[in-house]
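Asks: If you read the protein sequences in the order shown, they are chains A, B and C. Per the numbering used here, residue 9 is the first one in the first sequence, and the count goes up by one each step. Per the numbering used here, residue 9 is the first one in the second sequence, and the count goes up by one each step. Per the numbering used here, residue 9 is the first one in the third sequence, and the count goes up by one each step.
If you're looking for bench data, these hints aren't it; they were derived computationally from the structure. Heads up, a few of these hints could be off.
What the hints assert, rightly or not - Below, computed lysine-lysine pairings styled on DSSO-like, alpha-carbon distance capped at 30 angstroms:
#1 A:K361 x C:K361
#2 C:K322 x B:K361
#3 C:K322 x A:K322
#4 C:K479 x C:K252
#5 B:K252 x B:K479
#6 B:K361 x A:K361
#7 C:K479 x B:K322
#8 A:K322 x A:K479
#9 B:K322 x A:K322
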Amino acid sequence: MSVGGIRAPLLRESRPEEEEEEEVEVLHSEEEVGHRGHPPVGILGSGDFARSLATRLLASGHRALVGSRDPTRLPGGLFPEGTELVSQMEAAVGAERVVFAALFPEHYHSLVGLREALAGKVLVDVSNADGLGRGAEGSNAHRLARMFPQSHVVKGFNVISAWTLQTGAHDGNRQVLICGDCPDSKAAVVQLAQRMGFSPLDLGCLGASGAIEEAPLRAFPSWQGPILATLLLFLFLYGYGFLKCVLFPYLARGQNNFYQLPLETVSQTLPAVAMVTLALVYLPGLLAAGLQLSRGTKYRRFPSWLDRWLGSRKQLGLLSFLCAGLHVIYSMCLSIRRAAQYSLLNAAYRQVKAEVPNSWVEQEVWRSDLYLSSGILGFGVLCVLAITSLPSVGNTLNWREFTFVQSGLGYAALTLIVMHTLFFGWDMAFSPGSYSYYLPPLFLLALVPPCVVLVGRLLLALPCLVCRLAKIRRGWESKRPRTPPKDQEVGTTNAVAGDD
Amino acid sequence: MSVGGIRAPLLRESRPEEEEEEEVEVLHSEEEVGHRGHPPVGILGSGDFARSLATRLLASGHRALVGSRDPTRLPGGLFPEGTELVSQMEAAVGAERVVFAALFPEHYHSLVGLREALAGKVLVDVSNADGLGRGAEGSNAHRLARMFPQSHVVKGFNVISAWTLQTGAHDGNRQVLICGDCPDSKAAVVQLAQRMGFSPLDLGCLGASGAIEEAPLRAFPSWQGPILATLLLFLFLYGYGFLKCVLFPYLARGQNNFYQLPLETVSQTLPAVAMVTLALVYLPGLLAAGLQLSRGTKYRRFPSWLDRWLGSRKQLGLLSFLCAGLHVIYSMCLSIRRAAQYSLLNAAYRQVKAEVPNSWVEQEVWRSDLYLSSGILGFGVLCVLAITSLPSVGNTLNWREFTFVQSGLGYAALTLIVMHTLFFGWDMAFSPGSYSYYLPPLFLLALVPPCVVLVGRLLLALPCLVCRLAKIRRGWESKRPRTPPKDQEVGTTNAVAGDD
Amino acid sequence: MSVGGIRAPLLRESRPEEEEEEEVEVLHSEEEVGHRGHPPVGILGSGDFARSLATRLLASGHRALVGSRDPTRLPGGLFPEGTELVSQMEAAVGAERVVFAALFPEHYHSLVGLREALAGKVLVDVSNADGLGRGAEGSNAHRLARMFPQSHVVKGFNVISAWTLQTGAHDGNRQVLICGDCPDSKAAVVQLAQRMGFSPLDLGCLGASGAIEEAPLRAFPSWQGPILATLLLFLFLYGYGFLKCVLFPYLARGQNNFYQLPLETVSQTLPAVAMVTLALVYLPGLLAAGLQLSRGTKYRRFPSWLDRWLGSRKQLGLLSFLCAGLHVIYSMCLSIRRAAQYSLLNAAYRQVKAEVPNSWVEQEVWRSDLYLSSGILGFGVLCVLAITSLPSVGNTLNWREFTFVQSGLGYAALTLIVMHTLFFGWDMAFSPGSYSYYLPPLFLLALVPPCVVLVGRLLLALPCLVCRLAKIRRGWESKRPRTPPKDQEVGTTNAVAGDD
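Use the sequences and the hints to build the structure in full.
Replies: And the structure:
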């Protein structure tokens, strides 16, 4: 695993491949430039980012005019050979079209004097937000645009680290998010980004700049909800197991089961969490299908909680897989535990004393082998699902394959895991001893959501519902029966309608 | 794991970053367009795909002219702000160059009236095939090209889902397959796709359109053969184990071993399948090398079954890894089983009754430790192999590293696994008891293919054969001895000649 | 796993999608070409690489002029339909701008006669190096540039295999490394590569050609150091365990512990190696921070050994994960071993004979459950770390998320693993019996580096040091106190300064 850390000093290595292009003269028309090298680009600021930007621009065949307030004060060796260290005004004037504002947003006001020199030019704002939630109008790019009404402000490059800029997008992320109000200026920046080896992605007008500036500050926005839900579920089920198996027996009979807390209770809670979470992955799809069926149209938005839930399925699925994986390791460690060895030794002692030559119980053997088998197979299917959710693997699947894997294999895994639990429970569910303190055993509780999902799925497989749902997803509406679609809808196969 | 499902409603969210570009006038020459924004693009059709396409086009700075048969009937809120809803004729005429045919292929005939308006324009067919195997001439794109002989039909974008279109290729697959007969029209579509943030891949002339249309319908074409082979192998070996260890003992001696079926027999069959499958990965390379050696040239095609086999090695290897992984989990669960606990308790009982204070058998300890050790190491090497076969990891390797991993580490894994099996078998192979019912034990059977492969590999490492094969792979032919290559062949290192 | 092997014969399949473009005439000005198809490209040489290059060029809409010394001698079927087989002189003259030198470097001299025909054209050198370490001036590209002083030599395409060239960059690596002295010529090659579906990456002037030529020959350059270090560490610790637990007891008391060598000693050595290696991942970050603190500036380079160490952290972390994974499998196999079964049976015998009905030791139960629990959780965190270090997963993280995962979760894993070891050791560290032969137990030895790292990390969390370090990383220097940064440094968040 690569580990974040101090990489700044690496930046200062002199790289042998830097270009020296003193011979390129200033070119002002793109036609001329076409065959003579790329146009000069201005950079206002002289920090790390400016330095890395200059390095990449030079490597891509551009001239880099780095404008500093006091260019003579800059130590020469910091910038790559070929960089032209000039005054801010010279950089603004000399730039053919694009000028990067590579300074802290709090110093933007120091550029006011360049307003005329920058008129008509493309001013690229590369800053990050200071904090989250300042709204669209409060973005740095908007502020810059208000300060320079005659320039075309384009937001971009802030998601790229100085490191990636300098070394080229060798193995890092190549994507550069861009937005701006002037399509033409954006096109220039897009082209520049492509020449520098990045993959620009246009997110629209400057209103998107707030989101782009905040992108590097967000910490797993799509994971926070699912992680919280899984954590609460774990705490609830762990607490339930603690009460039923540890605290109540202690209070009622003084039985000391506290040694079970670190491993045994965790190892019983994890599969329950995994099973419920996996059911939560497939439940919203069923709810959405039910809603479409009852509304008779797909052209009405779902409630926002359902939208969010639908968007969290991948994360829930992976958290379910994490719990299942931990459960597998925990279960395998059960036999290494000292407690297991002591139990076995004591059982051997009792067997010898009771003069029982053979303690074999055929039914128990079948039970344990069946629940282990179905559990292993279910986990194997979950592994395949997890692997196909890796971006590089999932991208090689077409829509049909993706559906087969995520829906077909997903329901197969859910079924196997329910079987695993049923075999585990065997006849325990019908023995009154399992309901001590009026609490049903944990596994029965955890079986409810997956069983609901499986029953719902079977209902949706009824032919009448299948037909109606397919019609709805091709655009049919029960209220306003359309004429048979003439100029309608290509792409049900590759459309997003999907299934459940 | 991300789960396929109902995503259509999400499409209707109004996105804040959509551009309003009412000010762009119609531009007809590309020179003019260069610095004023991108040219208007026509879309014929008004379904999901048309909607998503319009969204993406607007976000990339294009005008989107959506042509409907009856534009007044369309609910306004469906399309993003800035879309121009016009008649089909207006869309065809207004489009600068590229017009998308975003309707079902069965409604193509409704466009016939636009034939003159579309003359000279690039007509993009985005449809999927209805079914597999209609041949090259039967593709939708060919049909469209015959209907519009004066337009340039380009196939493309069908592999992109409406979802990806709408949100931008954020994390989905960016690749767009394109083909067409007019290079210039293709270039226009390629450029458009790049501006929209996709990675177009040109597959040649319109003859490739059949394959492109069928791409989204295919379900794991490269996996079907290997999965079938592995499944048949599993069934055969499982049946063999069932006969030898369960059915025959029951018939002959009434011994009830049926409890072994769910777990023990599976757990013995899986490693045999894994080993044979891994041998099948390396066998075709040896056969191909042998064929080249005996033919004395590399310029003759292999028989098609060998070509197919060579192309399935990655899949076979991953299936072998899956079986090996399941075998590891099964083996680790062996000691959690009730059956194992009963056996141990009964053994303890017998030991106490027989008054044996120490049952330690040094030879058995060595045997079990050696076969576990070699098995674990072999599985570790297989894990490294499996990880490097992930697309994102494999892409970072150069040819030499790839060969080292897949060939070097692969043979290391095969050798370790053969050792694992030999240590497991130890002297069992020489005891008559293992050959009950005249059937050799399963592991002996499964050892044959890997041993054949290892012997074949050693033969090919003989210096005389190594030299001859290297010469053949650099282009030398035994029949037609060439003059020493003058203007020949760069790139044996990066060539596809490869090795075995 | 995909397996390197004989793929050459596949190259000769006739592909249906190849274009026939006999109608394209020779065009010499790019303006004209713009709307008529791409310009003709010359290829000197007729080997595998030339053939694959021609195929890809034709598929991208270019004409391919393959120049051979004796075009009549070439078997026609080898090249795709549409290729124009001409003399070398015709290929050099007919090419619009770009000519590929697709022959072995040792035959470059045969091109001398084309010097005038190639004047002013872009000559692309696609060769690989013959061996490593010939220096910058000794590269094939430099040699070619000296032979053709009037042509513009650009290095590139050598990292692409003929296979990828021919089939298009479907799933292989799309990156093409390029360098050259003339920015304009490079731009032409970059554009050509993009049209062919590749992602060109400009590495600067021709001085980089040596590195590019050697790229395909390198075998895991970044892995060699870390693998060597881990291997030496393993050997040292294994030797230590061998001496302490096997050899010395044998020499002193004739105790035969040799059966421990294949599994038990390995299984004790692996966690020690994993723990020390994980500490080595975080140690250089602390050293670098300490160095910056003591120097009071970030603008001085680290010693080169520290730079190399910082650059090896990802590899060290993954090797640590590999050892930890093997340790998990080994530990789980401990209870399947025959030795474990014999020990258990003998213990049962002794318990029965000693008439102890209950051998339960509460403290031992707690110890084993606690160390298993913390070990499992630590391994789970390591798994998450390993998954995020996959390129396709890591690329989806922004800098803040990456830091949280690699630094936050990394220290969490280290802490859990230290706890795992401390629980394992429990009171063993204070019993004189553990120090037999004056050697401390292995786990105590292995605890030293992680404890040093954790203490160092806590020291760096002292508020005074945190502030000073943050200031230094924003550019402050203790020696030359700057004026408050005015035109300074954008991008501390996305800068490379990072943290530890």
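Asks: If a hint holds in the structure, say so; if it does not, say that too.
Replies: Against the structure, the hints:
Pair hint K361 (chain A) plus K361 (chain C) holds up; C-alpha atoms about 11 angstroms apart against a cutoff of 30 angstroms. About 57 angstroms separates the Cα atoms of K322 (chain C) and K361 (chain B), which puts this hinted pair outside 30 angstroms; it is violated. A threshold of 30 angstroms between alpha carbons decides the hint, and for K322 (chain C) with K322 (chain A) the separation of about 27 angstroms falls inside it, so the pair holds. Among the hinted pairs, K479 (chain C) with K252 (chain C) is inconsistent with the structure: their alpha-carbon atoms are about 50 angstroms apart, more than 30 angstroms.
A distance of roughly 50 angstroms separates the Cα atoms of K252 (chain B) and K479 (chain B); the hinted pair therefore is violated under the 30 angstroms criterion. A hinted pair counts as satisfied when its Cα atoms are at most 30 angstroms apart, and K361 (chain B) with K361 (chain A) qualifies at roughly 11 angstroms. Taken as a hint, the K479 (chain C) and K322 (chain B) pair is broken in the structure, with Cα atoms around 52 angstroms apart against an allowance of 30 angstroms. Proximity of K322 (chain A) to K479 (chain A) is assessed by CA-CA distance (about 27 angstroms); at most 30 angstroms being required, the pair is judged to hold.
A C-alpha spacing of about 27 angstroms is found between K322 (chain B) and K322 (chain A), which places the hinted pair at or below 30 angstroms, so the restraint holds.
In summary, the numbered hints that this structure violates are 2, 4, 5, 7.
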